[in-house]
Amino acid sequence: MNRGFLLGDPHGGEWTVGDSAAGRGDGAGEASPAGFQNQPPEERLSTDGSHGNEVPSEPPISWQIVSHDGPASGTVSPPPARAGEDATASANSSSSEAGGDPTFIPVSAAGAGPTGEPPSGPGASGESSSPEATGGQRPPLEWTIKIPDQEPPTEQLRNSVIRSVATWLGRAAASLGPLFLLDPRVRAAFAALRAAAWIYRYFPRIASYLDNAKTLEELQSAVDEGADGYEIHHIVEVQKNSVSSQANWLRFRDRINSRENLLRVPYWKHVEISSWYSRANRDFGGLSPRDYLRGKSWEDQYNVGIDVLRKFGVLK
Amino acid sequence: MRSSFSRQSDEQLVESFRVIAQQLGESVVNWLPAVRDSRRLISVGDALRARGRGARLKLAPLLDNENRFVRYYAAKELIGIFPQRCRAIIEENTRERDAIAGDAGMSLWAMDQGIYKPD
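As they're listed, the protein sequences go chains F and W.
Numbering follows the numbering used here, in which position 111 of the first sequence is assigned residue number 111; successive positions increment by one, without gaps.
Numbering follows the numbering used here, in which position 112 of the second sequence is assigned residue number 112; successive positions increment by one, without gaps.
Just so you know, the hints here were simulated from the structure itself, not pulled from any lab data.
There are no misleading hints in this set.
Here are the simulated BS3-like cross-link-like pairs (lysine-lysine), alpha carbons at most 30 Å apart as the crow flies:
no.	chain 1	residue 1	chain 2	residue 2
1	F	Lys316	W	Lys117
2	W	Lys58	W	Lys117
3	W	Lys117	F	Lys296
4	F	Lys316	F	Lys296
No experiment lies behind these values; they were computed from the predicted model shown.
All chains should be modelled from the sequences, with the hints used to inform the complete structure.
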């Protein structure tokens with residue numbers, strides 16, 4: 001059963017957020033609960049893919065971006081993101097092609113009847129069995145994020161809004177599980193998102209940020225599949241801008257772009273990890289991890305790189 | 001290298017630490033450049049360390065600060081003095097859904113690996 005939201009595009013065209021956009025087929029539209037990623041069928045009900053061991057495993061949720069005119073006609077896939085291409089530009093392109101305000105339309109949900117339509121009316125939200133309603137210890141999920149009509153003028157303000165949305169959706173998905181799409185608070189959230197067209201451009205990044213951790217093989221295999229909202233990450237950093245003789249791109253020319261070292265990771269996870277490598281850190285004697293690792297062996301750097309991916313919730 | 005922080009009083013350093021820690025945390029979780037603030041925070045910590053344990057202890061009230069980022073960075077700075085309490089604060093941050101969670105996870109990892117020996 002497909003559980004998802006349709007992001008309507010009045011000019012036609014359909015694309016799904018995540019791997020299915022890269023041509024995996026409709027089976028890839030299912031995703032894990034803490035986020036909206038798409039996973040291979042055999043992984044969809046995996047119970048050990050939670051972020052940092054803290055997010056409980058729940059049934060999959062996914063969403064699609066489709067035409068108001070119906071997903072069956074005028075199917076268009078967005079161009080896959082290319083390595084090194086600014087993901088915003090890709091997203092902008094998709095947005096401009098779509099034209100008009102995107103809309104989020106629930107198409108089906110857990111608990112839906114044979115027709116696939118979600119139940120409606122009082123009680124349909126299933127709140128009575130949500131963790132909060134049953135006395136769970138998670139914080140309340142009221143949608144209080146104010147999304148400005150116009151895109152904020154600074155990166156700081158814009159990222160703050162986007163991060164708040166991503167965090168809220170992730171928390172809601174983890175908390176509500178299969179009831180996510182039926183919950184009135186989630187519906188209110190999507191209504192608010194629908195009203196702010198600018199955030200549509202960032203939707204692939206929001207969706208990918210909510211991905212659950214994947215296996216190394218999954219992340220490596222995805223490198224060939226490019227998708228909006230993702231970037232290519234080097235486990236052992238390239239340090240291409242460094243002129244030092246200790247720069248990795250000079251020391252490990254034969255391995256730096258090898259399959260073992262390349263992963264496809266969510267855009268903002270990539271930002272978070274790169275930023276972590278850059279910041280001075282008491283844990284590394286006041287140096288940045290990048291400086292601490294400079295000159296260390298491939299194995300040492302690779303092992304740190306793997307642990308970083310785990311701690312940031314990218315790698316199982 | 002002596003930073004401008006070395007001219008501040010202990011109390012001023014504690015306030016600088018609080019302000020920078022809050023700014024740093026906000027930048028980290030909002031995917032903004034944070035290198036400069038990370039270096040400034042280390043410099044403040046170094047200035048206090050240079051004055052001895054008594055000066056460092058003046059950071060302790062920040063472990064109860066209302067701001068989560070201030071508590072977190074104070075815990076990283078004081079874990080050598082208050083290991084259990086500070087580790088608990090760092091562990092608490094690993095359960096968040098943002099970049100500080102990854103930072104906190106790697107902080108514990110560095111200690112467990114022996115890369116960082118809290119002093």
